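**Q** Here is what each chain is made of, one letter per residue.
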Amino acid sequence: MTTQQTPAPGGAQEPPLPGTGQVPGAGALRQTGKLFALAASVLWLSFKRPFQARELIEQFWFIASVTILPSMLVSIPFGAVITLQVGSLTQQLGAESFTGAASVLAVVQQASPLIVALLIAGAGGSAICADIGSRTIREEMEAMEVMGVSPIQRLIVPRVMAASLVAVLLNGLVSVVGVLGGYFFFVYLQHGTPGAFLASFSSLAQLPDLYISEIKALIFGFIAGVVAAHRGLNPRPGPKGVGEAVNQSVVISFLLLFFVNLILTAIYLKIVPPKG
Amino acid sequence: MGIEVVVEGLTKSFGRHVVWQDISLSLPAGEVSVMLGPSGTGKTVFLKSLVGLIRPDRGQVLVDGIDIAHCSERKLYAARKLFGVMFQDGALFGSLNLFDNIAFPLREHTKYTEAEIRRIVLEKMEMVGLAGDGHKFPGEISGGMRKRAGLARALVLDPQVILCDEPDSGLDPVRTAYLSQLLIDLNAEIDATILIVTHDIQIARTVPDNIGMLFRGNLIMFGPREVLLTSANPVITQFVNGRRAGPIGMSEEKDATTLALEEARDGAASQELPALVPQLDPSPGMPERQAAKRRRARVMSMLHTLPVPAQEAIVSSLGAGSQPVPTEPDDWQEPAGRTEPDDWQEPDDDTTEPDDWQEPDDDTTEPDDWQEPDDDTTEPDDWQEPDDRPGRWPSHWPGGPR
Numbered sequence: 000m001t002t003q004q005t006p007a008p009g010g011a012q013e014p015p016l017p018g019t020g021q022v023p024g025a026g027a028l029r030q031t032g033k034l035f036a037l038a039a040s041v042l043w044l045s046f047k048r049p050f051q052a053r054e055l056i057e058q059f060w061f062i063a064s065v066t067i068l069p070s071m072l073v074s075i076p077f078g079a080v081i082t083l084q085v086g087s088l089t090q091q092l093g094a095e096s097f098t099g100a101a102s103v104l105a106v107v108q109q110a111s112p113l114i115v116a117l118l119i120a121g122a123g124g125s126a127i128c129a130d131i132g133s134r135t136i137r138e139e140m141e142a143m144e145v146m147g148v149s150p151i152q153r154l155i156v157p158r159v160m161a162a163s164l165v166a167v168l169l170n171g172l173v174s175v176v177g178v179l180g181g182y183f184f185f186v187y188l189q190h191g192t193p194g195a196f197l198a199s200f201s202s203l204a205q206l207p208d209l210y211i212s213e214i215k216a217l218i219f220g221f222i223a224g225v226v227a228a229h230r231g232l233n234p235r236p237g238p239k240g241v242g243e244a245v246n247q248s249v250v251i252s253f254l255l256l257f258f259v260n261l262i263l264t265a266i267y268l269k270i271v272p273p274k275g
Numbered sequence: 000m001g002i003e004v005v006v007e008g009l010t011k012s013f014g015r016h017v018v019w020q021d022i023s024l025s026l027p028a029g030e031v032s033v034m035l036g037p038s039g040t041g042k043t044v045f046l047k048s049l050v051g052l053i054r055p056d057r058g059q060v061l062v063d064g065i066d067i068a069h070c071s072e073r074k075l076y077a078a079r080k081l082f083g084v085m086f087q088d089g090a091l092f093g094s095l096n097l098f099d100n101i102a103f104p105l106r107e108h109t110k111y112t113e114a115e116i117r118r119i120v121l122e123k124m125e126m127v128g129l130a131g132d133g134h135k136f137p138g139e140i141s142g143g144m145r146k147r148a149g150l151a152r153a154l155v156l157d158p159q160v161i162l163c164d165e166p167d168s169g170l171d172p173v174r175t176a177y178l179s180q181l182l183i184d185l186n187a188e189i190d191a192t193i194l195i196v197t198h199d200i201q202i203a204r205t206v207p208d209n210i211g212m213l214f215r216g217n218l219i220m221f222g223p224r225e226v227l228l229t230s231a232n233p234v235i236t237q238f239v240n241g242r243r244a245g246p247i248g249m250s251e252e253k254d255a256t257t258l259a260l261e262e263a264r265d266g267a268a269s270q271e272l273p274a275l276v277p278q279l280d281p282s283p284g285m286p287e288r289q290a291a292k293r294r295r296a297r298v299m300s301m302l303h304t305l306p307v308p309a310q311e312a313i314v315s316s317l318g319a320g321s322q323p324v325p326t327e328p329d330d331w332q333e334p335a336g337r338t339e340p341d342d343w344q345e346p347d348d349d350t351t352e353p354d355d356w357q358e359p360d361d362d363t364t365e366p367d368d369w370q371e372p373d374d375d376t377t378e379p380d381d382w383q384e385p386d387d388r389p390g391r392w393p394s395h396w397p398g399g400p401r
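As given, the protein sequences belong to chains A and B, one line each in that order.
Residues in the first sequence are numbered consecutively from 0, following numbering that gives the first Met the number 0.
Residues in the second sequence are numbered consecutively from 0, following numbering that gives the first Met the number 0.
Excised from the complex, chain B in its bound form (with noise of 0.2 angstroms):
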């Protein structure tokens, strides 16, 4: 199972330009997550500083109980052994061809022997679907396949934690979808920790459990997937939607008065999103993803917390998978701020029937050729007591488990 990574209070400043402040979050352990935000709001920065490579000004980064932020050098190189990066434009060693980059981390921390490596990296070179390019040299191939490459090499030591930049910068829809997939599948396979950082909202709303977005050097919000996919938040509806008007501007601030003018001539721009929908499942054959039980649990339990529509949401998806109710647990309490909206108003009961509703007619229901069953004869002479554990699908019964 994956590690959890807990980042408290992180600040982060080049020169006199904060990048962002304050952050404080929990990757779940075995959890999926991605964090949005414009291009140029540091997401690669917080990306980095998470594996050490930026020392943050303040704040911690606790992984399996190193503090990544502080720690000494050496125990630096150790801890990133937990991590495989997955770089935005694969950093592979140009002086080395697939195979030999993919090999890389094992030849350097394991004493595999070369056929042992070998079948390693064939594996994980068709996982990401390169089988039979590993001659080819970095500078030869398209940009999508270095960083599938360098996808591949992020997995070779079986990382508890993976870390990508951008999956989907220079990918096509389609491998985009592909890639989405794969990091679904490789969670369900090796239950590893993935926080996926990126701008491309297609992403954000069929892969993860969590998201989480940053903007103006601040994180906006950090939670299960149906709370910012619900979020009224203008900067998050505008971001979901890739639209002109809202708070985030071309040059990343937008001041005060172009927003009003740009709302007084659009008007209140409408704040719908769009529909939430349903996260991908592993492909057929994989196992199924432990993460998504414990999230279950996890959502569960602080279900009382979170704001109304995100309630509902997380409710009727579970209600799709036929989930059992959720109980109120023993220590629930009616949280304080949650009152009705002032423009809420009481259903009228007298008018949900139609006006042109009208009562059947009692006596016609059956039809005049109805003949009552004859009792008797309805089990089959061969007809057994099916095996009464509940929700046993008996074998002998087709479509069975095999």
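Pulled out of the complex, with its shape left as it was, chain A reads as follows (with noise of 0.2 angstroms):
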């Protein structure tokens, strides 16, 4: 907006007006709350009727397609070299009939999740930053607004449930397919035995690592979803804003990403006794 940069009549003798004082910091609290604001205000409306469900397939296929290859192709390699990592560590200490299900435990836990949620964020995030930013400059939201149809309602709820629930689908292709991945390589390339690798599954992993890894990704997706939107709806003016607001955007959610995961980890490993 022209009217920012003009000087203000009077000029330094204005007094700042409350709330605009600049304490080192604030500009970062500020967009904390906002985020959060934001967070509150898509869980709020996702319950709210009208329902856009025509918005919400469109996305979710958008996203799926978009995710579905690369993260297969991401999960392959990273699932064999957690087990051939493992694999080496566990034949050095003679304990080789664990490596299946150490290898299930960090694939589940942590790989498949943080890999789904990098891929929302940087292949699905990044499009839908760009999409809103865009359409925050034009004003359409503005005019969307007008039209007495809250922007947030009609689009970054569809946009932010598709993230989440294409995280929890594919978390579980995903996990079958890093698995899949680190038996091959175990089975084919260590010469391991197959019936050790399946049969340690059930001895250290069980039914609540594949409950966080779901709970994870779902959490990993709104948190992607949500960022995307929340750059994307506060782009610095011009077409340079919206391409710093992708690249913030994608920063941000990494950076959430992995601390969230630190404490969703801590707090999982607290109340959940470990098997065995």
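No false leads were mixed into what you were given.
In silico DMTMM-like pairs for lysine to aspartate or glutamate, Cα to Cα no more than 20 angstroms straight-line:
| # | chain 1 | residue 1 | chain 2 | residue 2 |
| --- | --- | --- | --- | --- |
| 1 | B | Lys74 | A | Glu141 |
| 2 | B | Lys74 | B | Asp63 |
| 3 | B | Lys80 | A | Glu141 |
| 4 | A | Lys47 | B | Glu107 |
| 5 | B | Lys123 | B | Asp190 |
Residues of chain A clear of chain B, computed beta-carbon distances all greater than 12 angstroms:
| # | residue |
| --- | --- |
| 6 | Phe35 |
| 7 | Ala38 |
| 8 | Ala52 |
| 9 | Ala63 |
| 10 | Gln91 |
| 11 | Ser96 |
| 12 | Phe183 |
| 13 | Val186 |
| 14 | His190 |
| 15 | Thr192 |
| 16 | Ile214 |
| 17 | Asn260 |
| 18 | Lys269 |
| 19 | Ile270 |
| 20 | Val271 |
None of these hints come from the bench; they were simulated from the model.
Note that the coordinates shown come from a computational prediction; the quantities given were computed from them, not determined experimentally.
Glycine residues also receive a C-beta, built at the ideal position from the N, C-alpha and C atoms.
Bring the two chains, given one by one in their own frames, into a single complex with the hints.
**A** What follows is the structure, encoded as structure tokens:
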């Protein structure tokens, strides 16, 4: 807005209005607050009618189509790397029979939700952010608000929901593909016994591992969607602002994902007793 | 009939930059108003704060009993259905074609069938001259078309208040003239309150009933069009004439020294305003503007509070329309501040006749061959007494009412 660049009437004599003081770090806190406010209103509006089913399906299809193949391609080598690393370690310790369990735990609990989240944030989130951002700078959001339609309900809620749901479903796929990749490398490259790999599944892994994996995927997908929407709704003016917003959205999502993952893992280990 | 929008003590600042402060005005119901101002004086911010897109720091905006500036989200969304906003660049949804764009508010807020929606949308598209362009996407059309499509979309819900953000920018003068006419016709047809934010002086001179002007963060003036267009305020005369000499500078501010230098160089710039041009009338076939009647009554009741040139302009514009001579209201009082200007001089009564004036020769007025008409034969045999109700044009006369 051009008005922001023009000097104030009366110049420096104007007293600053309350709430506009420049405390260091205030900007970051304000953005954090806005992010949480957006997350809260997305949750609240998810349950309000009219529900945008059509938009949800379109976004769901879009996010799924851009993430399925890359996440599978990433998960095969990832499962293999874990198996190879853990396998060589357990060989030295003489506990080869636990390789299967260790790789399953690592893949299902940690690797799979993170791979899913990184791809959703990187492929889906950046596209959402660019789309919302360019609509914002073209005043489409304001136009929609003026027409009495909430852009959060109409556009953001379906996108965040789609990101969360795709994350949950994709997490199952990535888990399976990752474990299969690990199995393949364990059996054919390290010449381990297939029976030992499968048998150790149930000795260390348990059902809550799968639950936490899906819960993580759900939360990560939600975070990726909300961060993308938040940056898209508040870009700096101009096309360059949209580019910056996309960049920021990916970086912020990644930082948040790893941080939230740490907290969730710590909580999980506290409340779910380890098996065996 | 449109609804009144009352703004009281509105102040907005971005950080330390005060955009405007303490703006109080009232957009009279059903009338067309224009907000003028040089670029960057916060006209768009003002317009956006009227619909609650920007929350002001202080003050209130009352529409239909709701304070737009401070009400809850839910009330705000309900109140916004009263508004139709035409954004500067149209603000169309890039992912929808023009038809779907214009149909969007109908699909969101009404339960019309697709056939009814189609009828309304096509009617509005024809109104703004976009008939047959429904399948095009906003990215494929010119800025002027986007603007007109934005107007059509603002109109589909039959709003009570229409806000137009710079309808002229990016349009050629002819299209601007058409758009001006369209806005007047709209006002005649649906009687909505219209606010146009612009810096186009041609629109300001021909379209509105009321004009306001923003400059340096203040509302300099808001009132009937004649007041601003006859004002001697240096900011207004400079703006209306589009001159460089005056308080408005390139960078919004012009400091006193530059101003003094300019005046020393150019001498006192002539403060003459261009002649007041009559307001646009609705196109033939349109109903009469109800707002014009209401405004006449309103302006007449406040006539005595207006500056003298504005009073003269109003009276003369009414005289052209053969209006009844205004009478003083019962509670009329001599305004305290209205004294004669110091340089006023009593006209010299004796010198009204030109020197070369000659008394006409009384005896020679009748031509020599003039004959007294025969009184008895003036009426034709089939002459009938006309219907004696005053002002009625008898129906059997040529040109009478159909």
